[in-house]
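A.B. asks: For reference, the chains in residue letters:
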Amino acid sequence: KNEVEQSPQNLTAQEGEFITINCSYSVGISALHWLQQHPGGGIVSLFMLSSGKKKHGRLIATINIQEKHSSLHITASHPRDSAVYICAVTGNQFYFGTGTSLTVIP
Amino acid sequence: NAGVTQTPKFQVLKTGQSMTLQCAQDMNHNSMYWYRQDPGMGLRLIYYSASEGTTDKGEVPNGYNVSRLNKREFSLRLESAAPSQTSVYFCASSLGLKNTEAFFGQGTRLTVV
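Which chain is which? The protein sequence lines are F and D, in order.
For the first sequence, this note's numbering assigns the number 1 to the initial residue and increments by one for each residue that follows.
For the second sequence, this note's numbering assigns the number 1001 to the initial residue and increments by one for each residue that follows.
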């Protein structure tokens, strides 16, 4: 059972490219989270959203509740953006996607 | 402000040994969680504590026990470690169970040989 599906699993981009990571979910949710995990393992929360769109610097997260879909966009990507990006939803509990591994090449 | 602190960061155990992973948060959060992360799989919930004094099983509780010692601390115990428990373990906390941001510890890389 995969309550949360992410695509793509792996992504390589050239520095400066616009990046999109997608997340689809199948359960009823109260909120959706985007997390970032850098090599070395630490996980940090980027966004929590339940509707619409949020922006933080070069990162933009959107959610469509009707379609049960969210996207994470990175504008003007940089090598320091290289990380695993994890989509998670909260319904009765947290459900996590398997992550998208992003590598940005200088 | 330390956030969520996990110890140890690395551990190697022999099959059958026991150990306790410690987790503490200083954000006055009510809810705390233990997850394991394995290659190709998302984070999976082992146990959680919705509030001080309560603990509940998650998706993969077998082989583990937990203690919510007080509001700050939530420990995970492996009574008899097995190679299948080789994983990276994350502790997390949040203000509540729903609609709240989760904060994660740095992880514990456990190898059972």
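It should be emphasised that the hints constitute simulated quantities derived from the structure, not laboratory data.
Any given hint might turn out to be false.
To be verified - Straight-line Cα separation of at most 27 Å, DSSO-like style, residue types lysine-lysine; simulated pairs: (1) D:Lys-1009 to D:Lys-1057; (2) D:Lys-1098 to D:Lys-1071; (3) F:Lys-54 to F:Lys-68; (4) F:Lys-68 to F:Lys-55; (5) D:Lys-1014 to D:Lys-1057; (6) F:Lys-68 to D:Lys-1098; (7) F:Lys-68 to F:Lys-53; (8) F:Lys-53 to D:Lys-1009; (9) F:Lys-55 to D:Lys-1098; (10) D:Lys-1014 to D:Lys-1071; (11) D:Lys-1098 to F:Lys-54.
A.B. asks: Could you run down the list of hints and mark each one as holding or not?
C.D. replies: Quick rundown of the hints versus the structure:
1. Restraint check: the Cα-Cα separation between Lys-1009 (chain D) and Lys-1057 (chain D) comes to about 24 Å, which is no more than 27 Å; the hinted pair holds.
2. Taken as a hint, the Lys-1098 (chain D) and Lys-1071 (chain D) pair is honoured in the structure, with Cα atoms around 18 Å apart against an allowance of 27 Å.
3. Under the criterion of a C-alpha separation no larger than 27 Å, the hint pairing Lys-54 (chain F) with Lys-68 (chain F) is consistent with the structure, at around 17 Å.
4. Among the hinted pairs, Lys-68 (chain F) with Lys-55 (chain F) is consistent with the structure: their alpha-carbon atoms are about 19 Å apart, no more than 27 Å.
5. Taking the CA atoms of Lys-1014 (chain D) and Lys-1057 (chain D), the gap is about 25 Å. The hint holds against a cut of 27 Å.
6. At most 27 Å may separate the alpha-carbon atoms for a hinted pair to count; Lys-68 (chain F) and Lys-1098 (chain D) meet this at roughly 18 Å.
7. Restraint check: the Cα-Cα separation between Lys-68 (chain F) and Lys-53 (chain F) comes to about 14 Å, which is no more than 27 Å; the hinted pair holds.
8. Restraint check: the Cα-Cα separation between Lys-53 (chain F) and Lys-1009 (chain D) comes to about 36 Å, which exceeds 27 Å; the hinted pair is violated.
9. Taking the CA atoms of Lys-55 (chain F) and Lys-1098 (chain D), the gap is near 22 Å; set against the 27 Å cutoff, the hint holds.
10. For the suggested pair Lys-1014 (chain D) and Lys-1071 (chain D), the alpha carbons sit about 32 Å apart, so the restraint of at most 27 Å is broken.
11. Distance restraint check for Lys-1098 (chain D) and Lys-54 (chain F): the Cα-Cα separation of roughly 19 Å lies within the 27 Å cut-off, and the hinted pair is therefore satisfied.
Checked against the numbered hints given earlier, the structure breaks hints 8 and 10 and satisfies all the rest.
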